[in-house]
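Listed below, chain by chain, are the residues.
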Amino acid sequence: MLAFALGAAAACAIAVSAPATAARERETPGTWCGGTLWRLMTLSDPQRHTVQLQGTPTTIFDISKLQRPPRTPQTRSTTFQRHVWRLRTVIDRYRIASNGEIVLILYSIDSAQYMNAYLPNPNCLGPRARDRTGMIAARKQLTEQCPVVRPLWQLLGISVNVAGVGFWNPTNATRGALTNGAELRPLTNFQIVNGCGIG
Amino acid sequence: MSAALPGRTTFLRGRRFRWPGAVLAKRNVQIAFATLLVLLIAVLATGFIATVNLYRSGEDRYVHVALPLRTLTRDVLFRITQEETGVRGYMITTNRASLDPYFEGRDELAADLVRIRQLTNGRPVLEARTRVLTAEAESLRGFYDRLITFVADGYVGQRQARQEVLNPAGKVTRIRRTATAMQGEIDAFIAATRAAQHRTYITTLSLLGIAGFFAITIAMSLLLRVPERLRRAYAEQEEGAQASLALEHVSEAVFVVDVDERVRYWNPAAEQLFGIDADHAVGQPVRGIVVDYNELVEAADHGDAFVPVMIDAAERWFAPVVSEFDGGSVIAVRDATAGYALERARADFVATASHELRTPLTAVYGGATTLLARGDDLTPMQRQRLLRMISDESEHLTRIVDQLLVSAQLDRGTLRIDESECDVAELCASVATAARARAPEGVTVAMQAPSVVAPIRCDESLLRQVLINLVDNAMKYSVDGGIVLVRLRDETASVHIDVVDKGLGIPTAEQERIFEKFFRLDADMARGVGGSGLGLYISREIVTQLGGTLTLRSQPGRGSTFTVMLPRRA
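These protein sequence lines are chains S and X, in that order.
Count the first sequence with this note's numbering and you get residues 1 to 199, in order.
Count the second sequence with this note's numbering and you get residues 1001 to 1570, in order.
Bound-form chain S, shown alone (with noise of 0.2 Å):
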């Protein structure tokens, strides 16, 4: 009986202690954040300094047109993923990930195509990440302006003007995707142009 209620009180225990510490590991950046290649994803990797942070304008259309490296980069090898990347254009739907990151279709009325952006999840911005604050600035101007974001997909259909380091997804499966696997991750700046009340 003891040793039934120990061993209750010890899986009880760590049923209660296995939530505490995955929510402690979730409030430093980790690979939580975006698996192997989260440093890459929140401007925090070795080469960050190599981005150009002025933007570059550009055009959804432009960017489906890149060569896909052969391999998924694991580090910041490629021109695309050293630029910060400008353009307007219309977010068609938008949730928010297991991970806390933003993720967001953006849609060209010219081109009638796809691509994926996003915005990172705060507590996956640590001290190493680069243009922080332009990030969480990001982030916030969605978050304050637009309906609340849920972990299924909404429309949200506002033009806005946003700007984003390059990054190359392993998969390109995910709704939305571009078929070269191209995205801008992180977004460093989010401006609405028309939508959710502005406008």
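What the hints contain is simulated information worked out from the structure, not anything from laboratory work.
Every residue, glycine too, gets a C-beta built ideally from N, C-alpha and C.
There may be inaccurate statements among the hints.
Said to hold, decoys possible - Pair by pair, the computed Cβ-Cβ distance ranges are:
no. : chain 1 : residue 1 : chain 2 : residue 2 : range
1   : S       : Ile136    : X       : Arg1088   : 17 to 23 Å
2   : X       : Tyr1155   : S       : Ala137    : 32 to 38 Å
3   : S       : Gly126    : X       : Arg1115   : 45 to 51 Å
4   : X       : Val1156   : S       : Arg68     : 27 to 33 Å
5   : X       : Leu1208   : S       : Gln191    : 56 to 62 Å
6   : X       : Arg1115   : S       : Gln191    : 22 to 28 Å
7   : X       : Gly1047   : S       : Gln191    : 56 to 62 Å
8   : S       : Thr36     : X       : Arg1131   : 46 to 52 Å
9   : X       : Arg1131   : S       : Asp110    : 23 to 29 Å
10  : X       : Arg1088   : S       : Arg68     : 35 to 41 Å
Stated by the list, open to error - Stretches of chain S that chain X covers, calculated by requiring three or more beta carbons in the stretch to come under 8 Å of a beta carbon on chain X:
no. : stretch
11  : 106 to 118
12  : 155 to 169
13  : 193 to 199
Since the structure of chain S is provided, determine the placement of chain X on it from the hints.
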């Protein structure tokens, strides 16, 4: 001279006179023409500027702003409709080809808005309206982009789009209203432009009218007055030219000095008298040109006949006359050096003649008085001596009077010459003999002549007087005694009579002057030599009228030789 110069305001420059009337008339005409020219230029400039302004204003406001704005604003409405058509078509068909009107309308609308912003720049009302229009166009674009995105998203999105399209929040209506309002403002802008141009037009016409009125007034005035003025000016110019021409030919030096005491006119006689060209004199201060200007003016004021002036280190005597007029003074100067010398010689003669006459008269008077009062007490020898003295002095008086008479006859040209056969040898001997009788102590009169001298034709009386004068002169100037030789030489064609003395001699500079009337070598009688100053003058004149010559060779301190040459004539 003063009569030749008008006593009115005169302005003279250069050698030629320029009379004030002509100058004033010319200046007035020049001023009037200059004013007219300025007015005409002003009229032309105003017309030109006004035309350019009107053109530019019209071009700026109508061609470059108002009309394009109106067109662009209409185009905005069309583009909005085009966008709406494209979006609605896409919503119905979900075919992207239906979006072509939207893309075209969107791009054109953006271009139109850029152009509208440029045109309304600097025009506050239109600028504000443009900002609203741009914001509304942007909002509409966002709305359409939302719908397009929803349609592209699939069924859920399409349903959402259809819901929203029914309630576009009045975006299209607002932008249409804004564009329409903007058109109204553009119309107002055009009306304001028209009013501004009308004002410019009226202002320009007024300015042109005023300037034209003045120009026409001046032109009419010139047309009425210039010919008469010019006629008068030419007349005065001609008058001045004639006066100037007359002054060019007068013998007196005439120059005009203005109120600033600068020389304004300088005639040729002045050039000659003062030795300064008109080009150098005119415009210069008169005191720098005529050193004795003050003396000349003062002498003229005091009525003095002669003023001594030093020119080139020589003393000249000028007779000035000064006439003043409003613009300055006219000074006429006559060179009276010769007249002054003659006047002075006359004065000297009066003094000398008085002395010459008084001396023998005193002797005659004294001798006669003595004989009358004490004749009985005198010895026969004494009475004889007194009578001789009276006789000699009377003869002396007679010679002096004869000289005066002959001089007067020469002056009047009434000297009578009675020619006859003359025995010159006999005549010379007679003169020498007579001279010995009155020769001063220590003076010996000698005679030298060929044994035979053929007679010549002459006036014996006049020739005698010449020889007596020459011999008397020789004796007078032989103050230290010596021989006075009367030498007769008989040449083939002429007879020469030399009167030679070893006396004082005559300085070279005076050798010609001694033949001048009243000239005396010892004028102040420093050597006690008297005389009327007429002897040699009369002698030369007589010999000349007899057809001969009287010449002189002399060395100061060694004596003189006067030679009378008389030609032999048939």
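Each hint tested on the structure:
no.: 1; hint: Ile136/S <-> Arg1088/X: 17 to 23 Å; result: 40 Å, violated
no.: 2; hint: Tyr1155/X <-> Ala137/S: 32 to 38 Å; result: 35 Å, holds
no.: 3; hint: Gly126/S <-> Arg1115/X: 45 to 51 Å; result: 50 Å, holds
no.: 4; hint: Val1156/X <-> Arg68/S: 27 to 33 Å; result: 30 Å, holds
no.: 5; hint: Leu1208/X <-> Gln191/S: 56 to 62 Å; result: 60 Å, holds
no.: 6; hint: Arg1115/X <-> Gln191/S: 22 to 28 Å; result: 26 Å, holds
no.: 7; hint: Gly1047/X <-> Gln191/S: 56 to 62 Å; result: 58 Å, holds
no.: 8; hint: Thr36/S <-> Arg1131/X: 46 to 52 Å; result: 50 Å, holds
no.: 9; hint: Arg1131/X <-> Asp110/S: 23 to 29 Å; result: 26 Å, holds
no.: 10; hint: Arg1088/X <-> Arg68/S: 35 to 41 Å; result: 38 Å, holds
no.: 11; hint: 106 to 118; result: holds (count 4)
no.: 12; hint: 155 to 169; result: holds (count 4)
no.: 13; hint: 193 to 199; result: holds (count 4)
The structure is inconsistent with hint 1 alone, although it conforms to all the rest.
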